[in-house]
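Chain by chain, the residues:
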Amino acid sequence: MRLQPDAIGVLGSRLARGSVLVSATNGKTTTAAMAAAILEREGVRLVHNRAGANMAGGIASTLLAAAHGREAIDGELGLFEVDELWLQQLAVQLRPRALLLGNLFRDQLDRYGELETIADSWAHTVRDVLDPDARLVLNADDPVVADLGRGRARVVYFGVDDDSLALPHMAHAADAKHCRNCGAPYLFEAVYLGHLGRYSCPSCGQARPVPAVRATDVRLEGVRSARFTLHTPTGAADVALPLPGLYNVYNALAAAALAHALEVPLETIVAGLESAHAAFGRAESVPIDGRELRILLVKNPAGANEVLRTLVLEQGEHDLLGVLNDNIADGRDVSWIWDADFELLAGQVRVATCSGTRAPELALRLKYAGVEPERIRVLPELPAAFSLALADTPSGGALYALPTYTAMLSLRELLSADGKARSALS
Amino acid sequence: MNTLRVCALYPDLMNIYADRGNLLVLERRCAWRGIGFQLTPCGLGEPLDGGTHDLFYLGGGQDRDQRLCAEDLIHTKRDALHAAAARGAVILGVCGGYQLLGRSYELGPGEQLPGVELLDVRTVREDHPRLIGNVAIEVSLSGGERVLAGFENHGGRTRLSAGQAPLGRVLKGYGNDGRGGFEGACSGNVIGTYLHGPLLPKNIWFADWLIATALGIDVAELTPLDDTLEDAAHRGARQAAGV
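Quick mapping for you: the protein sequence lines, in order, are chains A and B.
The first sequence runs 31 to 456 under the working numbering.
The second sequence runs 818 to 1060 under the working numbering.
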């Protein structure tokens, strides 16, 4: 497909209510899906890159598919999740009326480079590209992201206020330990997830902004769901979120804050969140051969840690299918698995089947994490690994698949080709 | 009973390429053999006693953290590291850690980080793309030639002085500067390399060589372990590099 260079801007300008951009290291697809559920309930007709194709090509295709005639487009508001590195360029073209930035974690260093590089590029986007009237929605708990709102008006911050969730110490792979303003190390009063928490700088006094949209009384209910009380400037309400883990509570808060910035009423926000579905490969559940296959995408240390933390909320020993690929879209460098806390799985694994292009490396990681080697097997070919792992899962039990991005796509293809799970996946 | 005493330099700052995996491998392999293992972190501003550790590990970091550590190394740890190297302790620097073991690292015009000068190398960041990809090298350390496989991702080009031995010869990948065909540097038991991935899990022979050398024993004296998975991961890393 060849497009004129400003095609995205030209097509985007057909959207009567403009565009909204969502970016983050983790949770872009799910957050955008939740925001879509809320906005559609409000009757907004969206143009949305639902399948997660989040670079210029994917967004151009989404716009082209919706456009017709010389000036028309099916939809009034663009809702686009955007790759971290493409944010600046797409913001220049789409001139968003709202920008949601969720988090920044160490990710695929061979592609993204250092976290600071992305933070600098985002800062430039906010300062020099974003319209002064545009709404900026930021995670107050991520010091790097929250700092982007320094000195700017009309920022909507979101965050968690529940110390029962605080971790005993910061995860090993945590980044962003130094104040963006003055360089001194932050003091963390509570750490919720990676480097997200309640922090302040002892040197310059820069501190976590007070979030306008926040979650209290968070209850994590295993791999299925979570509950929390959502507070916005217009009121408070309990939310039963049909997605698991603290990371999805953060995604829900992000979507709620964005919807609030777009003036959606609280009841609609809550109803939208409660109707949210798992996005493509993220905590999807597929009934198959009398078992339940749960697909939990893992692609970087922070994301993997949250998936593992959520997984071990379930009692007992688990059947796992880990699929580690090193294709370009996964990151060629598989180092990151040694930064993720697979130690959480020690003593919780019945059988771990390791597959993918770098299957032995994953098996090795589990061994050094404390999973007994007798419980680990290596089958690089995914179809064989999947069949065996599923056949070995006790009837009525659950098989947890932890695939990297391209592995997740292969796994879904395999399921559709089998026809076993077509209805569940359609 | 022997105890391997490891000092991790700046583990909270210089850890970007999963350096924790390297330390974990040393720890587990000692434990499985009944060898004691002691890990002491040594951070910014903390004094270093060069006499109480058998192995020093320095990993990679982001630019900002590497700057902080370069200054600190010179001011609070340089002499202790030289004393340790002189008595034969193992000092392993990976990626940014390798650069800091050299003479200097020039980040850009007018900005040069000092190194601790344990390796006679100089690193310059040039206005060229980073050297990124799977890599395999052939090294010869006490005995026959063996392969190390891993991943490299560095903006700096490292040049060795005429008298400085490299760690190995590049089989696939870029190595020190993408041109000379050599990778890393090695002087006595001081070793610097760009190979992460991390290095030790997928090159288990090298992990054992480090343990034995740091303890002052022969590798053959280490209790053999079942390395089926380790060997498979090594083959996988070599395959990824195309060797």
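A few of these clues could be false.
[As the list claims (entries may be wrong)] Here are the simulated DMTMM-like cross-link-like pairs (lysine to aspartate or glutamate), alpha carbons at most 20 Å apart as the crow flies:
no., chain 1, residue 1, chain 2, residue 2
1, A, Lys-207, A, Asp-158
2, A, Lys-207, B, Glu-863
3, B, Lys-989, A, Asp-140
4, A, Lys-207, A, Glu-219
5, B, Lys-989, A, Asp-150
6, A, Lys-207, B, Glu-962
7, A, Lys-207, A, Asp-371
8, B, Lys-989, B, Asp-1035
9, A, Lys-207, B, Glu-955
10, B, Lys-989, B, Glu-962
11, A, Lys-207, B, Asp-880
12, A, Lys-207, A, Glu-144
13, A, Lys-207, A, Glu-297
14, A, Lys-207, B, Glu-888
15, A, Lys-207, A, Asp-177
16, A, Lys-207, A, Asp-137
[To be verified] Label-pair ranges, simulated between beta-carbon atoms:
no., chain 1, residue 1, chain 2, residue 2, range
17, A, Pro-317, B, Gly-925, 54 to 62 Å
18, A, Leu-217, B, Ala-900, 43 to 51 Å
19, A, Pro-263, B, Arg-947, 43 to 51 Å
Simulated from the structure, these hints should not be mistaken for laboratory data.
Note that beta-carbon positions come from the ideal geometry of N, C-alpha and C, so glycine has one too.
For each hint, the structure was consulted:
Between the alpha carbons of A:Lys-207 and A:Asp-158 the distance comes to roughly 26 Å, so the proposed pair goes past 20 Å and is violated. Our distance criterion of 20 Å between C-alpha atoms is met by A:Lys-207 and B:Glu-863, whose separation comes to about 18 Å. Among the hinted pairs, B:Lys-989 with A:Asp-140 is consistent with the structure: their alpha-carbon atoms are about 17 Å apart, no more than 20 Å. Our distance criterion of 20 Å between C-alpha atoms is met by A:Lys-207 and A:Glu-219, whose separation comes to about 13 Å.
Between B:Lys-989 and A:Asp-150, the direct Cα distance comes to roughly 34 Å. Violation of the 20 Å bound is thereby established for this hinted pair. Simply put, A:Lys-207 and B:Glu-962 have alpha-carbon atoms about 42 Å apart, too far for the 20 Å limit, and the pair is violated. With a C-alpha separation of about 19 Å, the suggested pair A:Lys-207 and A:Asp-371 falls inside the 20 Å cut-off, and the hint holds. Pair hint B:Lys-989 plus B:Asp-1035 does not hold up; C-alpha atoms about 30 Å apart against a cutoff of 20 Å.
For a cut-off of 20 Å, the pair hint linking A:Lys-207 to B:Glu-955 is broken: about 38 Å separates their Cα positions. About 16 Å separates the Cα atoms of B:Lys-989 and B:Glu-962, which keeps this hinted pair within 20 Å; it holds. For the hint pairing A:Lys-207 with B:Asp-880, the CA-to-CA distance comes to about 14 Å; that is within 20 Å, so the pair holds. Pair hint A:Lys-207 plus A:Glu-144 holds up; C-alpha atoms about 14 Å apart against a cutoff of 20 Å.
Taken as a hint, the A:Lys-207 and A:Glu-297 pair is broken in the structure, with Cα atoms around 37 Å apart against an allowance of 20 Å. For the hint linking A:Lys-207 to B:Glu-888, the alpha-carbon distance of about 19 Å falls within 20 Å, and the restraint holds. Pair hint A:Lys-207 plus A:Asp-177 holds up; C-alpha atoms about 13 Å apart against a cutoff of 20 Å. Simply put, A:Lys-207 and A:Asp-137 have alpha-carbon atoms about 16 Å apart, close enough for the 20 Å limit, and the pair holds.
For A:Pro-317 and B:Gly-925, the hinted distance range of 54 to 62 Å is satisfied, since their beta carbons lie about 57 Å from each other. Checking the proposed 43 to 51 Å range against A:Leu-217 and B:Ala-900 shows it is violated: the Cβ atoms sit about 35 Å from each other. Against the hinted window of 43 to 51 Å, the Cβ-Cβ separation of A:Pro-263 and B:Arg-947 comes to about 45 Å, which satisfies the hint.
Hint compliance for this structure: hints 1, 5, 6, 8, 9, 13, 18 are not met, and every other hint is.
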